[in-house]
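Q: Chain residues, written in single-letter form:
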Amino acid sequence: MIDKNKFCEYIRLCERAMYYLAFSIVRNDADAGEVISESIYRAYKNLDTLKNENSFKPWMLRIVHNTAVEMIRKNSKIISMEEMKDININGNENEISTKLDLRDAVESLRQPYRVVVVLFYYEDLPVSKIAQITSTNAVTVKKQLSRARKMLREILKED
Amino acid sequence: MNDFDKYIKKKVLEEKTDIPDRIKIQVEQTLDNLPEKTIAIKPAQRFSHVAAAAACFLFITLFLLPNVSSTYAQALEQIPVIGKIVRVITIRNYFYSDKYHEMDINVPELEEGNSNALGLINKDISDLTQVLVNRFYEDLEAIGDDAHGSVYVDYETVTDNNNWFTLKIRVNEVVGSSNTYFKYYHINKMTGDIVKLGDMAKDDDFYDILEQEIKRQMKEEMEKDSNVIYWLDDSIIGQDFVSISDDHNFYWNENGGLVIPFDKYEVAPGSMGTPEFTIDKKIVADIVKPEFSKIIP
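Top to bottom, those sequences are chains A and B. Residue numbering for the first sequence follows our numbering, starting at 1 and increasing by one per position. Residue numbering for the second sequence follows our numbering, starting at 1001 and increasing by one per position.
Do not take every clue at face value.
Pairs of lysine-lysine, BS3-like flavour, derived with a Cα cap of 27 Å [said to hold, decoys possible]:
#1 A:Lys142 with B:Lys1011
#2 A:Lys143 with A:Lys157
#3 A:Lys150 with A:Lys129
#4 B:Lys1010 with A:Lys142
#5 A:Lys142 with A:Lys57
#6 B:Lys1006 with A:Lys157
Hint data in this document are derived by calculation from the structure and do not stem from the laboratory.
So that you can see chain B by itself, here it is in the shape it has in the complex (with noise of 0.2 Å):
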């Protein structure tokens, strides 16, 4: 420790350094509030500010699927190729509905033949849709009348050609307010494999350009419209909320082109939603390996 640290520690213990009373008093009712349990709290009641720029929604949570591409890798190296059509079906709904709480989630199925892949994503969906459930029935005995909550789930087939299938899972959970998070599951179904985004990667070039062209689509809204509001190059935080990892969401659309979407808060204001940016064919035809760049649509 230099000189200079010392004699500013040595002020700082100089220093009346104890907390406001009403602080302390704050701490302690938020103490006595808390529930037995580890649970959902509403915490509308109790950060307003947050809460009315939230417009009473909270999202928690999740998730999901673990980082599985080796696991899955092994475990599909015998499966068949998937065939052209994959069936999404509801398998199973659970639904709730009181004054205060509410519950539906639809939970699909994939049918094609014996496929481990399909089989896999099922076991997924199967577990994640359980740990929401008994989350909310949790909440439901622990917070009783006392706060709203819920919790949505349904899904659509965003991709299914000869090559490719997209599922996308979209939960949302209130709890006081609320937050809404999406699963993308992909199948390349040439091969029959899972695919995450950093599969389709050519090298580590592929996560830049796709943070640099995400920024410029930024830069470019923002520009044009003053309302437009994403954490670029953060001023107040002094750090960068654009960053993709190899299990980052994304689907393709209908052009070819690879969207890329953020959660709520991830890199803009809750009021801009869930941001999506899409990166033209002709970019992602460079940086993605051959047997991708063949087969997207």
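With the rest of the complex left out, here is chain A (with noise of 0.2 Å):
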């Protein structure tokens, strides 16, 4: 069983990696605050349910994944993903004279290809590990690596 000091040590290891998470599902750093929030407190009321503390990340993560994805299904204005895809192509537009950067990039991408980006890219997780965050199969978080690349060349491309 890990105790407070333990947990509060753990949590500040993944903190970047909770953040970005977050943010790749509820996109604003108020709502990702409030998710970060509610996954600690989740966390550590079901910790005796880590079984292997080596898992802690990909652990937390899980929950921070299911947090924010509860986080945009309760709120009432969910926005589709046509929806956000047009809201992405006309924010990219409006910034075609900028210089757009890989974070850019990756925001415009839709879900659920903005996630494993980030897990995979940013974070450096296996894929196993992100299918394992995302409830999902190796298989499946490969086809959407494969598409979230072919992506990710054309908007860079773009630049």
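Make one complex out of these two single chains by using the hints.
A: Below you can see the structure in the form of structure tokens.
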């Protein structure tokens, strides 16, 4: 059993990963902050379900993923995938004179591609762990990554 | 790793990827507020969007009946067939009430001769309620008057006829916001066996057919009423949420329809409550084992 101090240490070590994952789903700092706080409470409450301390990071990221997904679903103004796509495309067009950095390119991806890209490229997690976090399987994650690569190539080429 | 992956990872390293200070501060504040023990916290104070949407209740957790089929089956080899009427009585009531906390747990017990099946169900219910009582007191001690908390357990006999008995346990836990879970216990009175959904499946098509029929009903409801929302072929997350397993909750309605209930948030937003779908008797008759098609109500 991890005590409170150890738990806090672990949280600080994966604080950045939690933020990027939450942000990639809820897409603003205020909501990402709330998702992280709620995830920390949930994780602490259910600490006894963590079987192996070495798995803390993927376990924690799975909680963050589920909490963020729950938040956008509970929000009455859910933006459909197509609407999100439109918003992203329009947003990029407005910034046409600005150099598009990688972060913008990632943000312009649709779900679930944003999440897998963040976990794979930013957090350097293997496909198996990403599958665990997003409640899918390795084959699905590989397909998503492959499509995400194509999309990123296209976006960055336009830059 | 291919060249493109290397290129992207290099760009990631080049970017400033530190997280905003406000997030760091929020994380530290959250950690500071954690109690010394692992307990239920009132998230509504820090999670206003969700709390507002859920109107101040959080449903936590359980459980419960482990995957018992084989163990139970072994234990039940020698038991007599269950009698016509199973008496359900409240054997214990746990009650507590103060300004911020309330507990009202009614513990039922099944009575009918010396049935091992009933004994196993009674023990399971007793274990479950003890877990809830212990958790309530642990939270009470840890949270004190900083947050409201309550737990309620009640029960209902859903079916009790010559062939079948079903008891439904309802658990409602409230810590900041709330959640409700149900647990159904079934006994085939013809054999005296405890039955779970998978025990009735003629073959693996059973699950597919149930899932397809549930999705069909979901689509139909959504087409009829724009206020109805199910997470069907979910576009946000890209996965399907209707998944029936061998121990999924179920019960028979009075017309012989197989009712499949879902927990809150399992297949729909919280505003949809705990949705239920009824599979017509004619569909069910083709997919259950012959011995069950004979005894369904």
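Q: Hint compliance check: list the failing hint numbers for this structure, sorted ascending.
A: none
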